[in-house]
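Peer 1: Spelled out from the first residue to the last, the chains are:
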Amino acid sequence: MSISYYIQVFVLCIILVLGQVFIFDLIHITGFGKLVIYPLLLMIVPIHIPRAIVMLIGFVIGFIVDFLLGTGGLHTAAMTFMAFSRGFVLDFMEPASGYDKNEAATLSEMGIRWFFTYALILVFIHQFAFYFIERFSFHNFIYTLRRIVTGTILSTLAISLLTLLFTPTEGKRKSRI
Amino acid sequence: MRNLFYLLERFHLIILLLILEGVAFSSIRKTNSYQDSVLGNASAAVSGKLYSVRNNVVEYFGLKTENDRLARENAFFLSLIEENEMFVVDTSLPYQSESATFNYIVGKIVDNSVTESVNYVMIDKGSKDGVQKGQGVITGRGVIGIITHVSNDYSMAMSVVSTKSRISVKHNLTGAFGNLTWDGSNPWVLSIDNVSKTNAVAVGDTFTTAGYSNFFPPNIPAAIVTSVEQDPSTSFLYIDVALSIEIDKIDHVYIVKSKDKPQIDSLKNLLPPGTIN
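Listed in order, the protein sequences are those of chains A and B.
Under our numbering, think of the first position of the first sequence as 3, with each following residue one higher.
Under our numbering, think of the first position of the second sequence as 2, with each following residue one higher.
Just so you know, these hints were derived from the structure itself, not from any lab.
Note that the structure is predicted; figures quoted are calculated from it, not measured.
For each residue, glycine too, the CB sits at the ideal point set by N, CA and C.
Among the clues, some could well be false.
If the Cβ cut is set under 7 angstroms, some of the chain A residues that face chain B in the computed set are [to be verified]:
#1 57
#2 61
#3 113
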């Protein structure tokens, strides 16, 4: 991993977290879930990184977002759970040829269909955890479910668009699109 | 030992998940009062059972002193009845009466703390006995706190020895009103603020409940003055008080059901917030 890769990751961190806090968190559509873009940070972590480390990364990202938004531990809890599930999602979506050793779970490496499905599943897990911890009950289940589903669709679209624009890459960009 | 390491290796992700989520949830509880109340009610149900089992055992050791205390309390009530014969219906504590403004539920304390910054008292009566959030908890000789969490069989009251607690009291001689608060340092020293310097308050005087907020009936003794200081820069007195009861040694309490409280609260809700406490 070269220095330029880490700089790109760092810049992406700043863009996504600040974008979440100053732009996407202010968008409220009645009855719809909220747009979240910062889970992208965890999605593109290289595949070979140990899963315990991935969970710690998720915890820290969630903690920073919570700290900036003043939401206590809601994002932390959802992010940690998503980081935990990421390993199983990767197992589930492993191509027949297996993952390359240094492959990152990004759109440019894995192709748009794979990445879209992967993002959809992970964002759904994140939104599911987030809204259930926020509501803390099964009361008015349909309403919560609607927020989860709409939030997932909006966020997945936003994340897919963002990753087309900006993904940290190592060396020359492969194109599978 | 090898099995233990094997187990740790196999389940390290789940263990890490539980630890991290535990941290996240504790911070959710601290900042969001809604989740706090849901978890608080649930934990009141579980720990209440546990504590009452423990209490059943421990209670025997304190039976003698508790008996003494109850006997003294009874004697005090009897003297009250003689003094106020015409008000017997309203002041007789454990009796339930349709016409009385205040009715009382007798409860037993199963857990009690004085060492935190917000202290709770757990009582073995819950919503099935008619306990509701916002009811006051007293003994005949002093104020304990206000119910904050209720489960089916148990309830938790935030004790007056809490930094978040604020109770209206009045001076028994001058009738001056103040707020009984606690600064979080010494559980045996509380203070009363908002009493102006024009009132003659002396060491040894008693502050009783004001009855304003209808959490408590009026004239229940609350605190005894231990020191009074003049603050040269403001027009208020610095009053340090001790509670009129030893809050860590109480066993039986009365939960106050006020018939008028819902009406008073709904009227207060019509006013803009902060107009009266």
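Peer 1: Next step is simple, just say for each hint if it's right about the structure.
Peer 2: Right, here's what the structure says about each hint:
| no. | hint | verdict |
| --- | --- | --- |
| 1 | 57 | holds, 5 angstroms |
| 2 | 61 | holds, 5 angstroms |
| 3 | 113 | violated, 28 angstroms |
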